[in-house]
Amino acid sequence: MAFDGTWKVDRSENYDKFMEKMGINIMKRRLAARDNLELTITQEGNKFTVKESSTFRTIETVFELGVTFNYRLADGTELSVDNGNKLTAVQEITDGEMVLTYAYEGVEAKRIFKKE
Numbered sequence: 001m002a003f004d005g006t007w008k009v010d011r012s013e014n015y016d017k018f019m020e021k022m023g024i025n026i027m028k029r030r031l032a033a034r035d036n037l038e039l040t041i042t043q044e045g046n047k048f049t050v051k052e053s054s055t056f057r058t059i060e061t062v063f064e065l066g067v068t069f070n071y072r073l074a075d076g077t078e079l080s081v082d083n084g085n086k087l088t089a090v091q092e093i094t095d096g097e098m099v100l101t102y103a104y105e106g107v108e109a110k111r112i113f114k115k116e
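Residue numbers 1 to 116, in the numbering used here, belong to the letters of the sequence shown in order.
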């Protein structure tokens with residue numbers, strides 16, 4: 001339940017290189033760097049609902065721990081398992097901040113959020 005609440009992006013580490021590796025063009029990467037992302041997370045058992053609000057979009061994703069699900073990036077690109085590459089995303093609470101760590105094809109990035 002530590003994830004419950006609203007989280008605002010505070011800073012990012014290596015996010016541009018990560019997006020570049022994902023094939024996102026430079027214009028979209030520049031926009032994403034200033035997206036003012038806010039996540040509202042609710043948890044019921046193993047089921048999570050994440051509402052993402054940014055300058056560019058608002059979406060809601062529902063998923064269950066351990067169950068594969070589809071997800072769309074801010075530019076509309078749908079992530080799926082059909083290209084054989086593996087994207088890993090790990091969320092954890094560290095020193096009162098939520099750290100979202102992404103890894104894709106040897107490139108790692110972090111987005112750090114503060115609770116509102």
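Check each hint, because a few of them may be wrong.
As a list, the in silico DSSO-like pairs of lysine-lysine whose alpha-carbon atoms are at most 30 Å apart [stated by the list, open to error]:
hint : residue 1 : residue 2
1    : Lys8      : Lys115
2    : Lys110    : Lys17
3    : Lys47     : Lys114
4    : Lys51     : Lys86
5    : Lys51     : Lys28
6    : Lys115    : Lys47
7    : Lys114    : Lys51
8    : Lys51     : Lys115
9    : Lys28     : Lys110
10   : Lys47     : Lys86
11   : Lys114    : Lys21
12   : Lys86     : Lys17
13   : Lys115    : Lys17
14   : Lys51     : Lys17
15   : Lys8      : Lys86
16   : Lys8      : Lys28
17   : Lys28     : Lys17
18   : Lys8      : Lys114
19   : Lys114    : Lys17
20   : Lys51     : Lys8
21   : Lys110    : Lys21
22   : Lys21     : Lys51
23   : Lys115    : Lys28
24   : Lys110    : Lys51
25   : Lys47     : Lys110
26   : Lys114    : Lys86
27   : Lys47     : Lys8
28   : Lys28     : Lys114
Restraint-style ranges between C-beta atoms, simulated for each label pair [claimed, not checked]:
hint : residue 1 : residue 2 : range
29   : Ile26     : Val67     : 29 to 39 Å
30   : Gly5      : Leu65     : 28 to 38 Å
31   : Met27     : Val67     : 31 to 41 Å
32   : Ile26     : Asp95     : 31 to 41 Å
33   : Gly66     : Met27     : 18 to 28 Å
34   : Asn25     : Gly5      : 12 to 22 Å
Don't read these hints as lab results, they were simulated from the structure.
Ideal Cβ positions, reconstructed from N, Cα and C, are used throughout, including at glycine.
Here is what the structure says about each hint:
1. Lys8 with Lys115: Cα-Cα ~6 Å, so holds.
2. Lys110 with Lys17: Holds, because 11 Å separates the two Cα atoms, which is no more than 30 Å.
3. Lys47 with Lys114: 22 Å, holds
4. Lys51 with Lys86: 24 Å, holds
5. Lys51 with Lys28: 21 Å, holds
6. Lys115 with Lys47: Holds, at about 20 Å.
7. Lys114 with Lys51: Given that 30 Å is the threshold and the Cα spacing comes to 16 Å, the pair holds.
8. Lys51 with Lys115: 14 Å, holds
9. Lys28 with Lys110: Judged against 30 Å, a Cα distance of about 18 Å means the pair holds.
10. Lys47 with Lys86: Distance ~23 Å between lysine 47 and lysine 86 Cα, so the pair holds.
11. Lys114 with Lys21: This hinted pair holds, its Cα atoms lying about 26 Å apart.
12. Lys86 with Lys17: Satisfied, since the Cα-Cα distance of roughly 16 Å is no more than 30 Å.
13. Lys115 with Lys17: Roughly 26 Å between the alpha carbons, so the hint for lysine 115 and lysine 17 holds.
14. Lys51 with Lys17: The hint holds at about 25 Å.
15. Lys8 with Lys86: With Cα atoms ~26 Å apart, lysine 8 and lysine 86 stay inside 30 Å; holds.
16. Lys8 with Lys28: 20 Å, holds
17. Lys28 with Lys17: 13 Å, holds
18. Lys8 with Lys114: 5 Å, holds
19. Lys114 with Lys17: Distance ~23 Å between lysine 114 and lysine 17 Cα, so the pair holds.
20. Lys51 with Lys8: Given that 30 Å is the threshold and the Cα spacing comes to 12 Å, the pair holds.
21. Lys110 with Lys21: Measuring from Cα to Cα gives roughly 14 Å; hence the hint holds.
22. Lys21 with Lys51: Distance ~25 Å between lysine 21 and lysine 51 Cα, so the pair holds.
23. Lys115 with Lys28: At roughly 26 Å apart (the allowed maximum being 30 Å), lysine 28 and lysine 115 satisfy the hint.
24. Lys110 with Lys51: 19 Å, holds
25. Lys47 with Lys110: Cα-Cα ~23 Å, so holds.
26. Lys114 with Lys86: Measuring from Cα to Cα gives roughly 27 Å; hence the hint holds.
27. Lys47 with Lys8: 21 Å, holds
28. Lys28 with Lys114: 24 Å, holds
29. Ile26 with Val67: 29 to 39 Å: Holds: the Cβ-Cβ distance is about 34 Å, inside 29 to 39 Å.
30. Gly5 with Leu65: 28 to 38 Å: About 18 Å separates the Cβ atoms of glycine 5 and leucine 65, which means 28 to 38 Å is violated.
31. Met27 with Val67: 31 to 41 Å: Because 34 Å falls inside the window, the suggested range holds.
32. Ile26 with Asp95: 31 to 41 Å: This hint holds: roughly 33 Å between Cβ atoms.
33. Gly66 with Met27: 18 to 28 Å: Between glycine 66 and methionine 27, where Cβ atoms are some 36 Å apart, the hint is violated.
34. Asn25 with Gly5: 12 to 22 Å: 33 Å, violated
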